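Q: Sequence:
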Amino acid sequence: MSSKFDKIIDYAVRKGFFWQSYEIYGGQAGFYDLGSLGVLLKSNIIELWREFFVKQHQEFVVEIETPIIAPAIVFKASGHEENFTDYAVECLQCHRTFRADHLVEERLGISAEGLKAEQIEEVIRKNDIRCPVCGGPLGNVYRFLLLFQTYIGPYSPSNLAYLRPEAAQGMFINFKRVYELMKRRLPFGIAQIGKVARNEISPRQGLIRLREFTIMEIEFFYDESNPTCDLLYENCSDEYINILRAEDRAKGIDKPLPISVSEAVDEKIILSPWLAYWMCIAKKFVNALGVPNNKTYFEEKLPSERAHYSKQTFDQIVIVERWGKLEVSGHAYRHTYDLERHIEFSRADLYAIRQLKAPKIIRRSVVKYDKNAVISFFGTKAPQVFKVLASLSSEALAKIVAESKGDGVVVEGIEIPKTIFRVEDVEEKVWVEKIIPHVAEPSFGAERLLYIVLEYAYSEDGGKVIMKFPKRVAPIKVGVTPLVDREPLEGIAHRLFKELKRHYYAMYLEGDSIGKKYAQADELGIPFVVTVDYESPSKGDVTIRDRDTKKQIRVPIDGVVKVIDAGLKGVDIFSLGYPIIERVEDKE
RNA sequence: GCGGCGGUCGUCUAGCCUGGUCUAGGACGCCGGCCUUCCAAGCCGGAGAUCCCGGGUUCAAAUCCCGGCCGCCGCACCA
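Going by my numbering, the first residue of the first sequence is number 60, and it counts up by one from there.
Errors might be hidden in some of the hints.
In silico DSS-like pairs for lysine-lysine, Cα to Cα no more than 25 Å straight-line [said to hold, decoys possible]:
(1) Lys477 / Lys464
(2) Lys527 / Lys628
(3) Lys527 / Lys343
(4) Lys235 / Lys135
(5) Lys310 / Lys360
(6) Lys464 / Lys440
(7) Lys440 / Lys419
(8) Lys235 / Lys416
(9) Lys66 / Lys384
(10) Lys63 / Lys530
(11) Lys609 / Lys575
(12) Lys416 / Lys384
(13) Lys621 / Lys557
(14) Lys610 / Lys527
(15) Lys360 / Lys419
(16) Lys440 / Lys427
(17) Lys254 / Lys310
(18) Lys416 / Lys493
(19) Lys609 / Lys598
(20) Lys610 / Lys621
(21) Lys530 / Lys610
(22) Lys493 / Lys419
(23) Lys235 / Lys114
(24) Lys74 / Lys63
(25) Lys493 / Lys477
(26) Lys609 / Lys628
(27) Lys343 / Lys114
(28) Lys430 / Lys384
(29) Lys609 / Lys621
(30) Lys416 / Lys488
(31) Lys419 / Lys384
(32) Lys440 / Lys477
(33) Lys530 / Lys628
(34) Lys530 / Lys560
(35) Lys310 / Lys327
(36) Lys314 / Lys370
(37) Lys527 / Lys458
(38) Lys464 / Lys74
Just so you know, these hints were derived from the structure itself, not from any lab. As the structure is a computational prediction, the values presented were derived from the model and not from experiment.
Turn these sequences into a full structure, and let the hints guide you.
A: So, in structure tokens, the structure goes:
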């Protein structure tokens, strides 16, 4: 008995939505090609995401595009080079694979962080750690780096680069530039849609786990001392989302509970209000893709399951037939981690400015030194001393002076008489302060959504497949056909097709019988089919058939586009006042 | 990467154990023609497979053996 998953993959490959890449060379796991319908469906999903996440928030969310290849320093700074690496060890007896670092941590209660493969192996040997399942001896510890590596420039093997495993770093790197363009106002978000690559160890579930996939992400920056999210209460306070909390999961509970978004924030179940807001939008977005609310929930990750940059993470789950659940998006509270790291590694000023309501008085010590005294004391060595003193900030110098005992102050190995320095206390009025914004990140995998849309659209009716795509994402919007393939019906249908192509992806349906043509349209999930029948030549009208009800309306030929437009926007075409033709029962 | 199972027209599959009319059969789909006044599968004809790749055994290999590639399931990782 083939599962729904198999049926859907079958269907999708047969109809040319997607197939495995590099087929003529035997295929390559983790890579899929999209066919024409797949491209249409995916781009409709992306466009809908753009509408929900960017277009509806355009006054403070902007989309950018950055390269896929980045110099190694970027992912050194982001922590990926270090954390996207796993150490594995295999049992020589039962051939099970384990995370070597986890094994050491569990057994010995010590942290294995920062250890190299050989060091972990040494610890395993010394402490005679054996396979936790069968007790067999363990083999060599080996390292997986999940980043794809390459080099920038043909002559520069030293210029190591990585393919990005997430789009986020492109947004963090451009934080300051976009912040300026956004007139230095928080909060704001940077969105990006693009390909990412992860060198997965063994991807197997077809298009569910790919080595290269499209990600749709927002890095949303806000001032955590003033996180108030009016939109949350405006758009989402009445919205309920289903949450499965980490503390419940730890107790073995696996049933998510519905909670209003505002309550989840007030109760500190979701730590970041903006994270909560985007989760609410994510729920609405997934609903628009055809997933009812009782089939999706947010699962909070346990601390051990979270990525290195995250303070709190929720995975958005959609219930699927094959695996029970499938993560379609991740919602991470990245707080200040990434900007801090990039400030540290790049020395760039990635701060935002917070205006204070009242000026802050800052008292601090400033150190001044007597230049003439330096010259008379050090003579020809004086320039060297000035250079050393100038390299230090006033605060740092004040600290050294304050901490020095005796009559001399040692600065960078040079002893300077204390009498040369004069410490003054100063008061400054400050109207702004520098802050590192906090970050809430919603991140979607486009190909997984593509699968979800297929699974939720898939239905069968007496052995016939009907894809009930939401109209917005349906790859082909309208079909045209003559009732029978004869003139003058064919000529009218062809002219209509030509007109419809100017507006939509449309399809001219051919086939043995009208029933077969409708079946063909249903199989592709085409929402509307326009049929030219024997009344059309004299009356100048046609019928429009609705995929889901199979009912038709009679519409003048020049009104067809108007009706289809309305129908695709969600208007019930049967309420437009055109004559309705009830469906004919299937023949036995 | 390791272990188990698998790979035959576009798709599903017969054949494999027990090598030989298998120059690989069928169904769906596809192409051409006929029929057809509203919900697929009526008729006629046609195209389409060096049986995953490479090597070996044999007079003879889709079939037996070895290696590789790919897929599925398990370990680990994961949007």
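Q: Indicate, hint by hint, whether the structure satisfies it.
A: Going through the hints against the structure:
no. : hint            : in the structure
1   : Lys477 / Lys464 : holds, 9 Å
2   : Lys527 / Lys628 : holds, 16 Å
3   : Lys527 / Lys343 : holds, 18 Å
4   : Lys235 / Lys135 : holds, 20 Å
5   : Lys310 / Lys360 : holds, 13 Å
6   : Lys464 / Lys440 : holds, 24 Å
7   : Lys440 / Lys419 : violated, 41 Å
8   : Lys235 / Lys416 : holds, 23 Å
9   : Lys66 / Lys384  : holds, 18 Å
10  : Lys63 / Lys530  : holds, 22 Å
11  : Lys609 / Lys575 : holds, 14 Å
12  : Lys416 / Lys384 : violated, 48 Å
13  : Lys621 / Lys557 : holds, 16 Å
14  : Lys610 / Lys527 : holds, 15 Å
15  : Lys360 / Lys419 : violated, 40 Å
16  : Lys440 / Lys427 : holds, 19 Å
17  : Lys254 / Lys310 : violated, 38 Å
18  : Lys416 / Lys493 : holds, 14 Å
19  : Lys609 / Lys598 : holds, 23 Å
20  : Lys610 / Lys621 : holds, 18 Å
21  : Lys530 / Lys610 : holds, 16 Å
22  : Lys493 / Lys419 : holds, 13 Å
23  : Lys235 / Lys114 : holds, 22 Å
24  : Lys74 / Lys63   : holds, 16 Å
25  : Lys493 / Lys477 : violated, 34 Å
26  : Lys609 / Lys628 : holds, 19 Å
27  : Lys343 / Lys114 : holds, 15 Å
28  : Lys430 / Lys384 : violated, 72 Å
29  : Lys609 / Lys621 : holds, 20 Å
30  : Lys416 / Lys488 : holds, 12 Å
31  : Lys419 / Lys384 : violated, 52 Å
32  : Lys440 / Lys477 : holds, 17 Å
33  : Lys530 / Lys628 : holds, 8 Å
34  : Lys530 / Lys560 : holds, 17 Å
35  : Lys310 / Lys327 : holds, 19 Å
36  : Lys314 / Lys370 : holds, 23 Å
37  : Lys527 / Lys458 : violated, 70 Å
38  : Lys464 / Lys74  : violated, 82 Å
Of the hints listed earlier, those the structure fails to meet are numbers 7, 12, 15, 17, 25, 28, 31, 37 and 38, in rising order.
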